[in-house]
Amino acid sequence: MAQPAALTELELSGSASLGRGADTGRGDSAPRDFLSYLARKTGAAVVSFVMLMVVGFVIFALMPSDPVATLTRGRITSAKQKAFLIHQLGLNQPVWERFVHFVLNTFQGKLGYSWQFQQPVSTLVAQRLWPTMLLMGTSTILSIVLGMWLGIHSGWRPGSLLDRVSTGTSLTLWSVPTFWLGLILLVLFSVGFGPIPPLFPAGGMSTPGSPGGLSPAHFLDVLRHLVLPCLTLVLVIFAQYVTIMRSSIIDELGSPYLLTARAKGLRDAEVRRRHAVPNAMLPSVTVIFLQLGTLISGAITVETVYSWPGLGYLTFQALQIPDLPLLEGTFVIFGASVIVFNLFADLLYRHLDPRVRRQ
Amino acid sequence: MTPSRNPLLTRTAHAARIASTARAARIASTARSARTRLATAVSLLLVLAAGLAAAAVGPTAASASSPGSTLRVVADTSFSTFNPFLAYFNGELAVLGNIYPTLTTIDEQGKPAPYLATSWTTSADRLTWTFKIRPGLKWSDGKPLTAADAAWTLNLIMKNQVAATANGSLVANFASVTAPNATTLIIRTKKPQANMLYVSVPITGIPIVPEHIWASKVSGLAHFKNMSFPVVGYGPWVLSGYVPNQYATLTANKSFFMGAPKFSKLIVQYFTNTDAAVAALRSGQLNEIDTLTSTEYKALASDKNIGRYPQVSNGWTGIELNPGARTRSGKHFGNGNPALQDPRVREAIALAINRPELVTKILDGLGVAGAGYIPPAYPQWNWTPPSGSALNYDPAKANKVLDAAGYKKGPNGIRIDPKTHKPLVLRLGIHSDEITDAQMAPYISEWLQAIGIKVNVQSMSFNTLNAELPKGNWDMLSDAWTTGPDPTYLLSIQTCSDLPLNNGTGGNTDAFFCDPKFDQLFGQQATEFNPAQRAQTVGQMQQILYNANVDIMLYYADSLSAVRSDQVKHFFYGKPNAQGFYPQQNLFINWRTATPIGGAAGSSSSSTLWIVLIVVVVLLLAAAVFLLRRRATAGQRE
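As they're listed, the protein sequences go chains A and B.
Under my numbering, the residues of the first sequence are numbered 1 to 359, in order.
Under my numbering, the residues of the second sequence are numbered 1 to 638, in order.
Looking at chain A on its own, in the form it has when it is part of the complex (with noise of 0.2 Å):
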């Protein structure tokens, strides 16, 4: 780089590091603030989880369902069967003696057990994980860089034909039906249409019959079976990240340090990734992390469409009969997922922006 030092300390002074001289003699308070924040953020995620188990237990105990009878159904059961069946799944027991044991297994990290499967939720949950983080990491991180590049992008230039066509194509897509999408998607690569041949799976996570373990073939064929679910959620949630950077580029453009920055001399390149990116990150900051928390939940249109066997298609599964342990289970993980990741993000946005120091 062939660039003066000195203009590098001002650029660094001016915008970037926007607080850090700020925030320069409340050096002795710095940590005691952070240590109350923390305990505030930390009480406030505490009260929303245990609303959140008020709130699901009760949603799902109101639920109109027999589950009784949904599993005998086709089945000759005698009255002493179902009365077995009733004494097992504990549904003789009243509301309030439920919701305590649910309570107090969920704060010793239990998930109960599931009636449909009968299996503890937490191996069903452990097994379904896996897959779920795979698909929606990859499908995240792919939108996030899609979206923020080209939110970045037309921001910068809007008006531009690069700013039409992404802000068009993004928004069309957002505004379709992920089930229809993934359809349409399967439709043309895995049977093909036209000139198109077959290219990927119709569905499931490995070709069947093949060899699992670590090898690189197996590697290969999971990649394979990733590519149209991941593709239609990263066509879907993309817009979300163009919509946000841009708007915020926007916002940017006017601003005086950008000019200060251009006088300097800088190329519109670096002063857009040097200065306007970092400031205008925030809202996008939290919307990834908003998109974090639900990650693990998993996109139950999706995962259905093509077959993954992920957490989405679990709960799914659990509505049907309904199974209300598995849902109860995967809801406090949904939930408490969600609010991990906030709890995250305000920790971050501290760190990020200095007005929240302040605060």
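It is possible that some hints are incorrect.
[What the hints assert, rightly or not] Derived CB-CB ranges, DEER-like:
1. B:Asn335 x A:Trp96: 44 to 54 Å
2. B:Lys575 x A:Gly137: 50 to 60 Å
3. A:Leu129 x B:Ala438: 44 to 54 Å
4. B:Ala438 x A:Gly137: 33 to 43 Å
5. A:Gly90 x B:Ala396: 55 to 65 Å
6. A:His87 x B:Asp433: 46 to 56 Å
7. A:Trp180 x B:Ala450: 30 to 40 Å
8. B:Lys575 x A:Val165: 51 to 61 Å
9. A:Val95 x B:Asp394: 45 to 55 Å
10. B:Ala299 x A:Val165: 53 to 63 Å
11. A:Gly212 x B:Gln380: 29 to 39 Å
[Claimed, not checked] Some, not all, of what chain B presents toward chain A, calculated at C-beta under 10 Å:
12. Leu86
13. Gly168
14. Ala276
15. Asn502
16. Thr505
17. Phe572
[Unchecked claim] Sample of chain B residues with no beta-carbon within 12 Å of chain A, all distances over it, derived:
18. Asp107
19. Thr118
20. Ile267
21. Ala280
22. Lys298
23. Ile414
24. Asp519
25. Glu528
26. Phe529
27. Ala578
Everything labelled a hint here was simulated from the structure, so no lab data went into it.
Where is the CB? At the ideal position from N, CA and C, for every residue including glycine.
Position chain B against the provided structure of chain A, taking the given hints into account.
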């Protein structure tokens, strides 16, 4: 420091920006020509990559669609256990029926035939059944398979409540089961039991398990998943592997006495939606698929590699009319419309429904208009209303029936109930998760409107509808059942003894139907050993149900299957009937008789091609990033 929002400063910034654009434009113009070159290069590379992808994947798809010694079929449901004492999902039952033996089997005509039992006799009092067990059979681990295994399995289900979870009701009438020697099994029943030969049949009956394996599992039976592979059993297949929530792998038992399967491997894969399964069939990733909708079925007609097999239905779709919800002791409850307690109103409704039209409009002709209560899949139970007494579509007659019964039309054309003086408005509950229900509801509404009955359609989930049914808070509900070859269960849900108790529990009543004559015949058919005689009794029961119009059979939708005719032959058996429908199929036979076409290629691994493809894509990306970086830093290098 936050960026200033002072309007003056903002304006200044704009002016400066305009001034700087001229300079920027100059730089941009060089950048633009570079960009054009870059774009051309990238698009060329992309075209190349697409070509490579097509070249790499084209043969893959072709090789996947070439026939192999692996049969790939769809599972009806996902698998959660392979413990035959607990399993009740269809997908699990199909696998279990093929890896564990049963006393008898169901032949291609749908009738009981020998399996483990080579022959059987009954005592004069019809309470003792003596089965001769086939000698010389061995479990897959080499231990002998004897009558003792069968006796042990049946005794466990009779005595252990956990073991009774899936099939307890089938042995409820058993007094004792013993195996005096390796080839003799004696079952004593409390009352004569006509359906004995259906008790232990593949898929719908009780599988026999090896005692030497299972004896040690009894204490932890409730939590035992039976997932250590290969699973020790006996049958046409051995369960050799399972990938959770995806598929099960089975290996052919080459020494199966009825004939070894023609494929050497079987993969039963679960798809969460049939559209994906259809896609897999069309691209050759699957060989066979069941439970198609009529739309999917029609769409497959254009594919010359796919053979389609409609089968005579083993289920019906109907509407149940609430004849007055009551408990076993006769206590009435629920808020069903009292007009439906009048058999004449129910008869009028039955006359107002155009069943053949539903078959045409909803099923695309792939089904039969409903009449008898037992679906047509099992010819031995077939019953059709005697000529003259059939309640065919006749709105004029329906109107006459209602006029004669005193239901006069009000000013808006809706009839008034003479007893309550309220207009005849009925609720129709349909399954929100069943597409044919939503299609059927407008027809029913229109037809009933034509005879002066207003219909309010209420869409409910399967669970909600199930939960509402025993509460009696409904007028008309959409209903559907399928049955195995033994109709006992389907008949039992129409008996008085299946009404709920006064405390609201117990009973599986389908529609609060209760007729002592029906119950008496139900008891009688259970003890009739002569199949023809039993069929006649079951016919009388169907007549009673038909006349009562509590369950109005709308149609029997064909079971629709399709198979890759370029990869598999002899999957389906039997000859099509006059309407072109094949007999009801049995997976125990289908999976065994299915024969690969051509050489045993198997699905070739295409990983080399994929590695090439991925390397190309990565290189392309790297090149693109490199070029972009060069462009972005071009100014600094100037």
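Now for the hints, and whether the structure bears them out:
1. B:Asn335 x A:Trp96: 44 to 54 Å: The hint (44 to 54 Å, Cβ to Cβ) is violated, given that B:Asn335 and A:Trp96 are roughly 29 Å apart.
2. B:Lys575 x A:Gly137: 50 to 60 Å: 54 Å Cβ-Cβ, so the 50 to 60 Å window holds.
3. A:Leu129 x B:Ala438: 44 to 54 Å: violated (36 Å)
4. B:Ala438 x A:Gly137: 33 to 43 Å: Roughly 37 Å apart at Cβ, these two residues keep to the hinted range, so it holds.
5. A:Gly90 x B:Ala396: 55 to 65 Å: holds (56 Å)
6. A:His87 x B:Asp433: 46 to 56 Å: The hinted range 46 to 56 Å is violated for A:His87 and B:Asp433, with Cβ atoms some 30 Å apart.
7. A:Trp180 x B:Ala450: 30 to 40 Å: This hint holds: roughly 37 Å between Cβ atoms.
8. B:Lys575 x A:Val165: 51 to 61 Å: At 60 Å between Cβs, range holds.
9. A:Val95 x B:Asp394: 45 to 55 Å: Between A:Val95 and B:Asp394, where Cβ atoms are some 51 Å apart, the hint holds.
10. B:Ala299 x A:Val165: 53 to 63 Å: violated (34 Å)
11. A:Gly212 x B:Gln380: 29 to 39 Å: At roughly 46 Å between Cβ atoms, B:Gln380 and A:Gly212 fall outside 29 to 39 Å, so the hint is violated.
12. Leu86: holds (6 Å)
13. Gly168: This hint holds: B:Gly168 lies near chain A, its Cβ roughly 6 Å from the closest one there, short of 10 Å.
14. Ala276: This interface hint holds because 4 Å falls under the 10 Å limit.
15. Asn502: Violated - the Cβ of B:Asn502 stays beyond 10 Å from chain A, reaching only about 13 Å at its closest.
16. Thr505: It holds, given that the least Cβ distance between B:Thr505 and chain A is near 7 Å, below 10 Å.
17. Phe572: violated (22 Å)
18. Asp107: holds (23 Å)
19. Thr118: holds (29 Å)
20. Ile267: Violated, since 4 Å does not exceed 12 Å.
21. Ala280: violated (4 Å)
22. Lys298: The assertion about B:Lys298 holds, with a minimum of 16 Å to chain A.
23. Ile414: Per Cβ check, B:Ile414 is outside 12 Å of chain A; nearest 30 Å; holds.
24. Asp519: holds (15 Å)
25. Glu528: At about 19 Å from chain A, B:Glu528 clears the 12 Å cut-off, so the statement holds.
26. Phe529: The assertion about B:Phe529 holds, with a minimum of 20 Å to chain A.
27. Ala578: Consistent with the label, B:Ala578 stays out of reach of chain A, its closest Cβ about 31 Å off (over 12 Å).
Hints 1, 3, 6, 10, 11, 15, 17, 20, 21, counting from the list given before, are not met by this structure.
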